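Asker: So you can see what is in the structure, the chains are spelled out below.
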Amino acid sequence: MNDKITPKIIMIVLLLVCMITSKGCVEIIDFEVDKSGRQLVIYGKFTDSTFPQQIEIGMTNPEEELSTPVNAATVTIFNEDGEFENYVQLEDGIYQLEGNTVKGERGKSYFVEIALENGKTYRSEASVMPEIIGRDVVRASVTKAEQIGSQGTIFEKDVIQIFVDTSFPESNTPIYTKWDIEELYVHEEAKLPLSRFPFYSPKNCYVTVFSDPQTIRLLDGKSFPTTTVENQLILTRDIDFTFFNPHYFNVIQSSLTAEAFEYWQNIDEVANRSGSIFDIPPAPVKGNFFNVDDPSEEVLGFFEVSAVDTARTFVTRGDFDFFIEEPCEVGLEVFQVPENCVPCLVERLLVDEECVNCLVIPRSTLTRPSYFDN
Amino acid sequence: MKRKNCSPTIHQRTLFHKLFVLSILLLFLTGTSSAQKNKSDKFTTVGEANNEEGNAVIVGQVSNARTGVGLPGATLRIWNMNKGAVTDGKGRFLLLLPKGKYQITVQYVGMQSTQQRINLVGDGTLNFRLNEKVVNLDQVVIESENADRNLKGVSTGVSKLAIREIKDIPTFLGEVDVIKSLQFLPGVTSVGDGASGFNVRGGRSDQNLILQNGAQMFNSSHVLGFFSVFNPDATERFTLYKGHIPAQFGGRISSVLDVKMKEGNTEQLAVSGGLGVVASRLVVETPLFDGKTTLLVGGRASYSDWILTRVKDLDVRDSKARFYDVNGNIVHRIGENNKIALGFYRSNDFFRFSQDFGFTWDTQLINLKWTSSLSPNLLSTLTLVDGDYNSSLFDPSGADAVELENGLKYYQIKENLLITSLKNHNINAGLELVFYDGKPEISSPFNNNSSILSTRIAKEKGREMSLFINDEYNLNDKLSISFGLRYSLFQNIGPYAVFQYDNSGQRNLNTLVDTVAYNKGDIIKQYQGISPRLSARYQWHKTSSIKLSYNRMRQYIHSLSNTTSPTPVDLWQLSNTYIPPLVADNFSIGLFKNFDENKWESSIEFYYKDINNFIEYKNFAQLLLNNHLETELLTGIGRSYGAEIFLKKLTGKLTGWLSYTYSKTEVKVIGNGPEETLNNGEWFPSNYDKTHSLSIVSKVKIGKKSSFNANFTYNTGRPISAIISTYKVGSTAVPQFSERNKYRIPDYYRFDISFTIAENIWKHRIGRDLKARRYKDSFTFSIFNLLARKNAYSVFFVLPDEFYLTPQPHKLSVLGAAFPSITYNFKF
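From first to last, the protein sequence lines stand for chains A and B.
FYI, the numbering for the first sequence is 1 to 374, going by my numbering.
FYI, the numbering for the second sequence is 1001 to 1828, going by my numbering.
Note that these hints are calculated values from the structure, not bench results.
Fair warning: this is a prediction, and the values are worked out from it, not measured in the lab.
Take the hints with a grain of salt, since some may be wrong.
[Stated by the list, open to error] Straight-line alpha carbon distances no greater than 30 Å define the calculated DSBU-like cross-link-like pairs of lysine-lysine that follow:
no. : chain 1 : residue 1 : chain 2 : residue 2
1   : A       : Lys35     : B       : Lys1664
2   : B       : Lys1593   : A       : Lys222
3   : B       : Lys1664   : B       : Lys1593
4   : A       : Lys35     : B       : Lys1742
5   : B       : Lys1439   : B       : Lys1260
6   : B       : Lys1618   : A       : Lys286
7   : A       : Lys203    : A       : Lys191
8   : B       : Lys1520   : A       : Lys35
9   : B       : Lys1160   : B       : Lys1520
10  : B       : Lys1320   : A       : Lys157
11  : A       : Lys222    : B       : Lys1439
12  : B       : Lys1260   : B       : Lys1160
13  : A       : Lys286    : A       : Lys35
14  : B       : Lys1742   : B       : Lys1664
15  : B       : Lys1260   : B       : Lys1520
16  : A       : Lys222    : A       : Lys203
17  : B       : Lys1090   : B       : Lys1260
18  : B       : Lys1827   : B       : Lys1704
19  : B       : Lys1648   : B       : Lys1478
20  : B       : Lys1542   : B       : Lys1409
21  : B       : Lys1648   : B       : Lys1167
22  : B       : Lys1668   : A       : Lys286
23  : B       : Lys1542   : B       : Lys1423
24  : B       : Lys1790   : B       : Lys1664
25  : B       : Lys1649   : B       : Lys1167
26  : A       : Lys222    : B       : Lys1618
27  : B       : Lys1618   : B       : Lys1439
28  : A       : Lys103    : A       : Lys286
29  : A       : Lys144    : B       : Lys1320
30  : B       : Lys1618   : A       : Lys35
31  : B       : Lys1668   : B       : Lys1742
32  : A       : Lys35     : B       : Lys1827
33  : A       : Lys222    : B       : Lys1520
34  : B       : Lys1320   : B       : Lys1167
35  : B       : Lys1704   : B       : Lys1648
36  : A       : Lys286    : B       : Lys1320
37  : B       : Lys1649   : B       : Lys1152
With the sequences and hints as input, model every part of the structure.
Answerer: Structural data, given as structure tokens:
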């Protein structure tokens, strides 16, 4: 009997070993919850930079994916000197500071007050703009990264990585830092044959993209000496057609208050979860707004008072040792449409719309940024 | 060799031991006089004081006094009981008897019979040497086991399992696992597949006292929770107390897991082990110095990295997970009445997830136990433990590459006196001292490229002193009572700096007003209290009994963990100025009924637990490297209640059990202000609340030695918080979460099978030497999660690639496939 069993056992062992696919898995499921809404959301950032100083006001919506804009609010910023200034509504739910009465100065305290049409008034906790901010040196590096295809095969892919070296001035207080990355690239419209489209003139759009907005890049100054932090990898990104023309990476460093730092830490905790055993239990993120008449009302969002500095680098297609396809290159197919009928190119799917009207690209402008290198 | 009943002489003991024992005797004023009077009884004490009730096992050998050769087929008969045993081919025997006094007669054809009076107080060894003489052999009826032990035991909520009972249970990757086996018992669950620790009656895992030969263990898992730290070949048996907990035990509020390791073979070299898919184990036992000394050395090691390389996910493929553990035990008998055991245990784990982060953690225990029979009715057991637990978390990449270490050093001294001089009383009395020395939490740069600052967060020390007495009193055949008292005193001691907060009642950095520094040895805070224990059993019919119990438990050390499941780097925090001890009142009542001449046993138990000073966490509590932890903690109350149904078939071709548990575990936290109040001050389910839990364990014998096993497990999903809306902050989409634990992950169920072939398959290939040594081997094939069900470990929410869309619920399944495995076990 044993002589018969032994080879069978070996066979079974081999089969079992082959069957082992030790993997956990993540999949989307149906999960019923009682959706709720009608909570006020306010987010504003007030800085010492020349960036537009804006506040967004919305109301969470149980039926919709994002908040419903709140219009016709009176938004006022106050500083510690008693100066104040109203924001102007720019578009649905977005208010912008247009004047110069209240300017962002490091070391000064600010808060905003928001009066809604329904008579409710909300106010942020006063925050002091940090006095110290680090200085960044940004560099880009092209490298290869392993990725897995849908069939489980491993392949290498070219990626671009952005690194930051940051030097901090001496300080007795911890510096809390957050980085945001903004990319700006040139989108050239298609160069249509003049003989066929004599009235068409291609434009160059400057398109801004917020890089990986769900990644919260924070540095807790309590854990670092106030000298330098080097070789921080803050972005890894696939290389695509946007690198056909010069492509800028603007690294915006914000020096945060301790409260703002904690707020963004909490946002990171709830926005980037993996479901692993190391996730801490999620919870509603408490901001720094409150209802003046009813402090028990839960108000979402934050009014952030930050010192800001921007460093940037750029890459051109000459930095890559491989070919990047021109995004709006056209061939003889454009002769299939009537003369001068540019819209026909789009209707017949011969050319993408953004190749003949680049302003349809979100956050695009014809205005060339001052720093943009010709 | 016959045992002689002789009192130990003074010079056989150290002065310390003598004084120690005398102080206990004086303290409790019990048992001594009777013990002296009973000297003339000439009873030999067998076994050592253990903290279990009911039965004890006697193992031994009957041999020819002249030749020393074991006598196969010798009979042992217990006077006044219809019980006995027959020795095996080597003259060895095993007897399972209720603790108490007996007269044993040993007979063998051609040999002179002998009689011996014993006082059975615990598991022990008893050898007989027979002289040659022809006698008649009486007919002896043999019973294998006291099948109605579940009826006669005085305690509620006690589960005992021997390794032999769990070795065929299908397990993940074929590793026999003490902790996982417990989870088939009523009232015992875990967070999910691969989660560390276990939860008893809805309690947190740190509320379980885990003892290995009396030494506390602060980590019960390998590989983050896939395997337990107990080497099955070195483990004798384990007992889980989750209802009535005798006064000998204390320090945790939910349960006690008492694991007894083997002492070593007293007769010959014995080797056992197993080869598995991811780990192998080996245990060697041998007698030394004519059997007066036994030595056991065992070890386990994993080679699980290969399995990770088969995973498609690159991060997992680049991960590492390995462990080892080592057991050593040397037992020496001094005369007839003294035994000294020196144990050593070390376990180590290494886990690294890709290049992102990793853990190491290790436990080391040195355990010295001196058992001394001071008189026929007085058994002393002195236990000294030196324990050391270390863990580290490392993040090896980036400018903030860091290593974070913490740990706990501890020492235990326990003196337990078992006093049996009063008729029908088994009294355990003694004292226990535990000294905790919290190791500082240290973060340091992981490599030269790291810019991280080194940080050191000091931890307190503490000492827990307990006096206990517990009497198990059999009033008559129907009524037994176990009642005890445990007094515990805990002192949190310096050096330490204690932050002071203003009178607002809120503790946060804004209310911090001062710091008070305490010097070395200063008592910072002291807690004390009496914990009564009471359990009673009334057996109104030979097949039925009812039991009820009440316990008060106190816990002075807490694992601070704000993650879904305990992790190896969780902080062990002593009670201090701001963290009062957990105090729980446990009530249980149970009905026990056996059927068909004890072939079936059944029970239904109801329990209610009331917990004070329940530790909860503020939202987004940061526990690591936090020198003001009290600002992140909340104190509330908890309650747990439920019913447990258990049905077990003990004999026949089909054996196994069914257990069902209905339970609710809830928490209420009302603090100073909204920041310190959870869920508006209403009761909400704790993280470990599972309403329904069902387990079926079955074993079908095939032939004489082979078997087929099948398990089924079902649990209600555990509570979580879920997203109820989404909003935008800048360009970041932020989910808004519900109140704490308002929803539940999907229910869990799993079906496992295993097939054990124990036909000594390879025995004939191994050679005459091993044949002569009774080489036995078996193969166990198992498939864990046969249905390949992707049980949810957790549910979390992820934004899809398209921007500004509602996060979608995702289910994480740790074991998302069927896991076949094969294990080869052997012993000789």
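Asker: Compare the distance between the alpha carbons of Lys1320(B) and Lys1167(B) with 30 Å, and conclude whether the hinted pair is satisfied.
Answerer: holds (27 Å)
Asker: Within 30 Å, alpha carbon to alpha carbon, are Lys1320(B) and Lys157(A)?
Answerer: holds (25 Å)
Asker: Within a Cα-Cα threshold of 30 Å, do Lys1520(B) and Lys35(A) meet the stated pairing?
Answerer: Given pair Lys1520(B), Lys35(A) is violated - Cα atoms ~55 Å apart, limit 30 Å.
Asker: Take the C-alpha atoms of Lys1618(B) and Lys1439(B), compute the straight-line distance between them, and say whether it is at most 30 Å.
Answerer: Holds - the C-alpha atoms of Lys1439(B) and Lys1618(B) are around 25 Å apart, at most 30 Å.
Asker: For the pair supplied as a hint, Lys286(A) and Lys1320(B), confirm whether the alpha-carbon distance does not exceed 30 Å.
Answerer: Cα-Cα ~38 Å, so violated.
Asker: Does the alpha-carbon distance linking Lys1668(B) and Lys286(A) stay inside the 30 Å limit?
Answerer: holds (21 Å)
Asker: Straight-line Cα separation of Lys222(A) and Lys203(A) no greater than 30 Å?
Answerer: violated (49 Å)
Asker: Does the alpha-carbon distance linking Lys1742(B) and Lys1664(B) stay inside the 30 Å limit?
Answerer: This hinted pair holds, its Cα atoms lying about 14 Å apart.
Asker: Hint check: Lys1668(B) vs Lys1742(B), CA-CA at most 30 Å. Holds or violated?
Answerer: Roughly 14 Å between the alpha carbons, so the hint for Lys1668(B) and Lys1742(B) holds.
Asker: Hinted pair, alpha-carbon criterion (30 Å max): Lys1160(B), Lys1520(B). Please report holds or violated.
Answerer: violated (43 Å)
Asker: Holds or violated: Lys1593(B) with Lys222(A), Cα cutoff 30 Å?
Answerer: It is violated: about 63 Å lies between the C-alpha atoms, which goes past 30 Å.
Asker: Is Lys1439(B) within 30 Å of Lys1260(B), Cα to Cα?
Answerer: holds (28 Å)
The structure fails hints 2, 8, 9, 15, 16, 20, 32 and 36 (numbered hints given earlier, in ascending order).
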